[in-house]
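**Q** Sequences listed follow chains G and W, in order.
Mind the numbering: the first sequence is residues 1 to 256 in the working numbering, read in order.
Mind the numbering: the second sequence is residues 257 to 512 in the working numbering, read in order.
None of these hints come from the bench; they were simulated from the model.
Hints are supplied without guarantee of correctness; some may be wrong.
Cβ pair distances, simulated, as ranges [unchecked claim]:
hint	chain 1	residue 1	chain 2	residue 2	range
1	W	Asn283	G	Arg30	37 to 47 Å
2	G	Met13	W	Pro490	24 to 34 Å
3	G	Glu69	W	Glu382	22 to 32 Å
4	G	Asp86	W	Val354	29 to 39 Å
5	G	Asp253	W	Asp505	54 to 64 Å
6	G	Val91	W	Asn275	48 to 58 Å
7	W	Glu258	G	Glu72	42 to 52 Å
8	G	Gly32	W	Pro352	30 to 40 Å
9	G	Glu126	W	Asp509	50 to 60 Å
10	G	Met13	W	Leu510	32 to 42 Å
Keep in mind it's a predicted model, so treat the numbers as computed, not measured.
Each residue gets a CB set at the ideal place from its N, CA and C atoms; glycine is no exception.
Protein chains: 2
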Amino acid sequence: MEVTFSALKSLPMIEPGDNLVEIIIANIKRNGNTLQNGDILVIAQKIISKAENRYLTLSEITPTLRAKEIAEEVHKDPRYVQAVLDESIDVVRKKPGVLIVEHRLGFIHANAGIDQSNIQHPDSDERLLLLPKDPDTSAQKIRYAIAAQLDVDVAVIINDTMGRAWRNGTLGLAIGIAGIAPIDNRIGKNDLFGRELKVTATAIADELAAGASLVMGQTTEKNPVVLVRGYPFPNKTALETGTPPLIRDKAQDLFR
Amino acid sequence: MEVTFSALKSLPMIEPGDNLVEIIIANIKRNGNTLQNGDILVIAQKIISKAENRYLTLSEITPTLRAKEIAEEVHKDPRYVQAVLDESIDVVRKKPGVLIVEHRLGFIHANAGIDQSNIQHPDSDERLLLLPKDPDTSAQKIRYAIAAQLDVDVAVIINDTMGRAWRNGTLGLAIGIAGIAPIDNRIGKNDLFGRELKVTATAIADELAAGASLVMGQTTEKNPVVLVRGYPFPNKTALETGTPPLIRDKAQDLFR
């Protein structure tokens with residue numbers, strides 16, 4: 001088996017209101033390529049958020065007393081902390097320099113995934129970029145628009161850079177999914193020797209998101225869309241899709 | 257940028273004492289390919305462990321009282337629990353069906369990575385397969401042997417399937433590394449707009465391990481070696497290598 005991760009070349013900077021699907025399709029055509037059934041597009045969260053105008057202006061945020069108290073503890077701007085809290089259900093851990101929350105979408109994410117770097121604006125220090133409002137829906141819309149225009153069924157994964165427990169360094173992980181099951185569930189299937197495999201539930205959407213992250217590089221502005229070709233995933237349309245299966249139920253999570 | 261993950265075709269089953277490097281080089285030649293400087297080989301832990309004869313026979317293990325007590329709590333064979341404890345520094349979490357430990361190598365790993373499935377033996381229920389004794393050294397030996405025989409500098413990553421906090425499904429992650437920095441550390445480098453990136457330390461070895469896992473498939477016996485080509489990583493020889501930088505210091509880990 002051979003799987004190829006290719007960055008789309010020379011995409012323009014994305015601005016609020018941009019039609020990402022048009023831009024992606026035009027780019028692929030310009031580079032003499034085409035989309036095929038079974039292709040997977042992995043798209044950096046940042047450009048989805050930009051196209052959806054998920055900006056906030058720091059100076060327009062009024063922090064609550066709670067945000068001010070947390071900001072003092074974690075050494076962050078109270079207005080930034082307010083934005084993080086507004087995107088979150090719960091604070092999971094905090095210490096100086098660290099604010100880890102349960103995002104309203106269910107992800108455990110430092111700073112609710114709100115980023116200040118790589119935002120193109122003269123006074124970018126003043127702007128924040130939130131995660132997309134509903135990344136699964138964003139992914140599904142892109143998938144449907146591509147199907148409508150090119151008559152191909154591609155899967156779409158929106159990835160973001162996330163930290164994790166126990167290990168240093170971030171990984172690209174899936175925050176929005178359409179057209180592919182997030183988990184390849186082989187519990188109970190037989191292994192090569194006919195012995196029952198007890199638990200093999202592979203987070204394939206996260207593995208795809210991580211592999212694509214390598215090609216995006218550090219500044220995802222440069223290569224924010226990655227075409228994955230050659231990965232055979234089963235029966236796309238019938239599968240449970242979207243990110244919810246990736247999120248461990250709070251009651252089952254030993255590390256909250 | 258384009259990165260390709262290719263599984264080596266039709267590798268034989270690996271037995272204790274097998275010379276993995278000879279087998280891999282012969283396989284690549286037979287398939288009309290060759291290794292190049294900058295290639296990365298991702299190798300499934302299981303075949304490293306097999307070649308290194310890291311088997312234990314369940315019937316030869318005598319569980320301690322502590323292993324018996326934990327076994328009762330987690331509903332596992334006390335001899336299996338004893339093997340897990342023998343490979344571990346500490347029990348991190350346990351509940352029925354779940355035993356998460358700090359492996360002696362530093363990884364937080366369910367069952368210390370000891371696996372019972374996919375072990376080729378008539379009475380495979382009776383055999384356990386431990387992680388390699390020192391996976392970084394195993395990776396380095398393979399790297400050096402390839403350099404000696406083919407005069408190419410390849411990086412080697414040994415990966416294993418691991419669970420994580422907060423999210424369901426396993427990922428392929430790096431447990432042994434040679435010839436590539438585990439983390440691409442861009443803290444303080446400028447982003448596209450000259451603004452200082454605050455924290456971007458990407459666990460590239462884990463992203464490579466995860467991408468390779470897709471190609472290995474569920475039963476890593478089938479495709480246990482993946483050649484990664486096209487990923488430009490900096491200056492291989494001068495880098496800090498091995499897995500220690502991936503392991504978060506216990507005192508800094510908010511999720512122990």
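**Q** Please go over all the hints and tell whether each is borne out by the structure.
**A** Checked hints:
1. Separated by about 39 Å at the C-beta atoms, asparagine 283(W) and arginine 30(G) satisfy the suggested range of 37 to 47 Å.
2. One distance hint, 24 to 34 Å for the beta-carbon pair methionine 13(G) and proline 490(W), holds here, with the actual separation near 26 Å.
3. Checked against the hint of 22 to 32 Å, the C-beta distance between glutamate 69(G) and glutamate 382(W) comes to roughly 58 Å, which is inconsistent with it.
4. Range check, aspartate 86(G) to valine 354(W): Cβ separation about 34 Å, and the 29 to 39 Å hint holds.
5. The hinted range of 54 to 64 Å is not satisfied by aspartate 253(G) and aspartate 505(W), whose Cβ atoms lie roughly 23 Å apart.
6. Evaluation of the 48 to 58 Å hint for valine 91(G) and asparagine 275(W) yields a pass: the beta carbon distance comes to about 53 Å.
7. Our hint of 42 to 52 Å for glutamate 258(W) and glutamate 72(G) holds, since their Cβ atoms are close to 47 Å apart.
8. Glycine 32(G) and proline 352(W) have their C-beta atoms about 56 Å apart, which leaves the hinted 30 to 40 Å range violated.
9. For the pair glutamate 126(G) and aspartate 509(W), the supplied restraint of 50 to 60 Å is violated, since their beta-carbon distance comes to about 34 Å.
10. For the pair methionine 13(G) and leucine 510(W), the supplied restraint of 32 to 42 Å holds, since their beta-carbon distance comes to about 36 Å.
In summary, the numbered hints that this structure violates are 3, 5, 8, 9.
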